[in-house]
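Visitor: Listed below, chain by chain, are the residues.
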Amino acid sequence: MAAPLPDVTLASPLPPPLPSLVNARRLRTQRVGRALRLWVPAGVLILILAICFLLPLVVSLPSSTKGNIIYNNEPPFSPGHILGTDVQGVDIFSQLVYGGQVAFEVGVSVTIIGIAIGGTLGVIAGYFGGWVDAVVSRVFDILIAFPALVLALVIAEGLGPSEMHTIWALSVFGIPAVGRVTRGATLTIRGLPFMTAARLAGTRGWRIITRHIVPNIAPTIVTFSLLGIGVVIILEGALDFLGYGIPAPTASWGKMIANGQQILSAQPEYVLIPSIALLITVAALNMLGDALRERWGTQ
Amino acid sequence: MTDALLEVEDLRVTFAAGGREVRAVDSVSFAVSPGATLAIIGESGSGKTVSCRAIMGLLPTGTAIGGSARLRGTELLGLSDAQLRRHRGSDLAMVFQDPARSLNPTMRIGLQITEAIRTHRKVSKAEAQTQAIELLRLVRMPAAERRFHEYPHQLSGGMRQRVMIAMALACRPKLLIADEATTALDVTTQAQIMELLLELQEELDMALIMISHDLGLAASYADEVIVMYAGKIVEQAPAAGLFGTGGAVRMRYTRALLDAIPHLERPAHTQLPVVGGRPPDPTALPSGCSFAPRCQYAEDDCRATVPALAEHAPGHRWACWHPCENGGAA
Amino acid sequence: MTVPEPSATPADGDPRPAEPATQATQATQATPVAAANGEPLLSVRDLVQEFTVRERGGGKAGVVQAVSGVSFDIMPGETLGIVGETGSGKSTLARAILQAPRPKSGSVVFRGKELTRLRGGSLLQARRHMQFVFQDPFGSLDPKWKVRSIVDEPLVAYHTGSGAARRKRVNELLDLVGLDPARYAKRHPRELSGGQAQRVAIARAVALEPSLLICDEAVSSLDVLIQAQVLNLFERLRAELGLAYLFIAHDLALVKQVSDRVAVMYLGKLCETGPGNAVYREPLHPYTRALLDSIPSTEPGSARASTVIKGEPPSPINPPSGCRFRTRCPRATDLCATDEPMPRELATGHFVACHFPLTEAPPAEAAGNGSGHAAAPAGTETKTSKAVR
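For the record, the sequence lines run as chains D, Y and P. Residues in the first sequence are numbered consecutively from 6, following the working numbering. Residues in the second sequence are numbered consecutively from 71, following the working numbering. Residues in the third sequence are numbered consecutively from 304, following the working numbering.
Just chain D, with the same shape it has in the complex (with noise of 0.2 Å):
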């Protein structure tokens, strides 16, 4: 019933191989092109790190609360200026480099209490569930409905500005932000078989959430953190730019942006500079982020 077959001879010469799909140049591009996504915005990071960081130690900077008002809207480049002063004659570059330490040290903060808070109620939750879960939940529901902005205005009112409020403002954010996320992760992984055989195996509950759990979603947590690092920065530049977070005279990248606004048309440098600080840290966060999940998410 078959059709006769086409034939084919013990001595048939070998057919001409296909064109070769691996390019060896294609392959070199793609593996740099990657490299690069995540080393470009980790030393940028770096940089912005150790500039704000450790010069300060190194290299002593003009005051970044005080100024001269004689030598006030001086340009870049200025003798003991580098990127000039501004209205009231205080360094720009300094301001920079003592707001660029808040910034980061709200950001870290309010970050590694969510994760400490919010992601070990977060994995309780995920692991346990029933009405651990339903209480850890609520909780988390409560504290995201409160707007992150009006809470910090009503403690800075309340209390008084300081860069302490501000984190604990900031933080009834981050908890709950980590908190689902973690949450989220957890209930991933527990409904996998591994977990199942672990629990087989006689592992108790605490050796598997450090053990098997917390490995696992390790990953997830730390590329979320990082973005979020980005968004409390902004939140943070936010609340200084309305007078609620960091207060005067201390230097920071929000204030810069409010003091420049006023003269915006005229000298539009003051609000640039500190914006552009801001881009760039907070676009490096984001590109790091991304870059370690694409990494990580083949694993």
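No lab work stands behind these hints: they were computed from the structure. Watch out, some of these pointers could steer you wrong.
Okay, the calculated beta carbon distance ranges per label pair [stated by the list, open to error]:
no.	chain 1	residue 1	chain 2	residue 2	range
1	D	Q35	Y	E185	33 to 41 Å
2	Y	N174	D	Q35	29 to 37 Å
3	P	K471	D	A47	39 to 47 Å
4	P	T355	D	L164	46 to 54 Å
5	D	I281	Y	H219	56 to 64 Å
6	Y	T131	D	L66	54 to 62 Å
7	D	A47	Y	H219	51 to 59 Å
8	D	F151	P	D483	54 to 62 Å
9	Y	H219	D	A223	42 to 50 Å
10	Y	T200	D	N291	52 to 60 Å
11	D	I149	Y	T176	24 to 32 Å
Footprint (simulated), chain P over chain D, 3 or more residues, beta carbon under 8 Å [said to hold, decoys possible]:
no.	segment
12	185–199
13	207–213
These figures come from a predicted structure and were not determined experimentally. Positions of the beta carbon are idealized from the N, C-alpha and C atoms, including for glycine.
Knowing the structure of chain D, use the given hints to seat chains Y and P on it.
Guide: Chains Y and P alone, transformed into the frame defined by chain D:
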């Protein structure tokens, strides 16, 4: 001498994975007559699915395809998407393994079938609906009119596969390729679906290519069987030539497959004849016969030269330097 | 008949061919090692397990009784195979025996202890001798752990021995399943093949020297040749360690191959239980017959009259009244709709739950009954398959 419906000659497919070249299909040739049933058997990595997807034009871009696949004289390889679409559905159609994933879970199945119909023919919605219900009846779907309005999750696995078949048959193709179409189904449902396919073949004069890892399925339902390993055909014969009385399996791999399947007639707790090792790494195929590293009958010539697939007995081709005698009682 | 040694299973990644494979010969004789007092190792009585099915919006759609009163025994060293198709409840049954989650009702007596009443530490101790092998070899291994830690985990959890002693034991276990410790102990699951990963899972499962191994479709996701290797490994462990197995699968031939006794499950109930050969040669339940007939066979010259069963499996939320199989059974009568058949012993050790088992003549009134699903002559067609030409 009947004209073949589908003639595949020297099909080769290579793609790049992780920086290395993978020869997924290496010089595969076969032919399918109108109304016949061909079974392509192989384990994972054998190249059985890739060959048929190459014929259907379903491989991703960036795959190098060589050779020829002619459907009633028309060359299918190298056609553009638009040209292929004209052939898909009316000349050849494909049914896949997991109906749960091939069906859109948010769309009613009736709509999915009518969509399939209207892609190929200019008919009104009402006309398409009538045809769709007719198709559902054709695939013996109970309560066809009611099912038309249901969602995939409301149907069982067997019923979903019937829907897939109905969609594939929308334009009465001459060739249906079933890629592990019953693997995910229960054995009783599998029997139902296979019976359905046989009946449809007779009703529509349709040829069928079934891709599977199940030799039993090939023995029970196919006219002709092809066994693939590491991208090559290693044995090819009519089913009766391999499995029936007087049939003989020659290639060592086919023999190993047959021996490894649990047989109802075997006593319990017998040690199965074991073939060690794993299928070869497709980026680093061994020189000589691909099966030689695992074959206990391999000799030096097996490891040195690739055995050519040749017709050593009438209608029966195999690629082995030291094949089984007496159907493998060796 | 001389008893040959079980052939060594070569390591998966090892390219050397197997030693001349023993042809289908008997491995160590299949007599289960009876305990001194003949007590069953595992005794399951009237086990019931339910779960609620929720609608999309979260409202309750219904309750599925996945396991509805299942009873059986497993003697030490014996292999019981459970065959069932989708929706039969066999996997739920396995989990219920493990108490993960606890069954709704029924009794599970394992090594003399009632598992349904144990909690916490005592459950852990009792369950030490009962281990599980999952269907998905990769899913059951933590992707972040190395093979050594994975196999070590039960040893750590039950505090068996010092670090050095455990290290030695892990090496022994890896050797036992045919994986060279030097090459595989440091790998992560993603660096293993399916067969190798399943061997690691098996090594972990036998680490504590259990008496019972529950295998839930343990070889279903493996290629045919690898599947044979792993099955041989199971047989070897059975011979060397005296393990009892509860082997769950949907492939009747596979189950019969590895089991002493076979139980057939349909929609949460056991239709038929008996010695493997008896169930195959003389099936008593029509469903068993249908299963046997649906299996495509490669045996030469088999003129299979494939009796294709008709109809779809009924919804587990609303199982048919009386006998659950009656909607697809060719022998169903009105009695089957009203009275649920209880298991009765028709031959030694061979139980069937059917009003009209296949050894008796078909009932006189095999006419259509009120179910509307099965029409007279309910549900079968006999076709000769293509193998005979």
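Visitor: All hints are to be evaluated individually against the structure, with a verdict given for each.
Guide: Hint by hint, here is what the structure shows:
{"no.": "1", "hint": "Q35(D) with E185(Y): 33 to 41 Å", "in the structure": "holds (37 Å)"}
{"no.": "2", "hint": "N174(Y) with Q35(D): 29 to 37 Å", "in the structure": "holds (33 Å)"}
{"no.": "3", "hint": "K471(P) with A47(D): 39 to 47 Å", "in the structure": "holds (43 Å)"}
{"no.": "4", "hint": "T355(P) with L164(D): 46 to 54 Å", "in the structure": "holds (49 Å)"}
{"no.": "5", "hint": "I281(D) with H219(Y): 56 to 64 Å", "in the structure": "holds (59 Å)"}
{"no.": "6", "hint": "T131(Y) with L66(D): 54 to 62 Å", "in the structure": "holds (56 Å)"}
{"no.": "7", "hint": "A47(D) with H219(Y): 51 to 59 Å", "in the structure": "holds (55 Å)"}
{"no.": "8", "hint": "F151(D) with D483(P): 54 to 62 Å", "in the structure": "holds (59 Å)"}
{"no.": "9", "hint": "H219(Y) with A223(D): 42 to 50 Å", "in the structure": "holds (47 Å)"}
{"no.": "10", "hint": "T200(Y) with N291(D): 52 to 60 Å", "in the structure": "holds (54 Å)"}
{"no.": "11", "hint": "I149(D) with T176(Y): 24 to 32 Å", "in the structure": "holds (29 Å)"}
{"no.": "12", "hint": "185–199", "in the structure": "holds (count 3)"}
{"no.": "13", "hint": "207–213", "in the structure": "holds (count 4)"}
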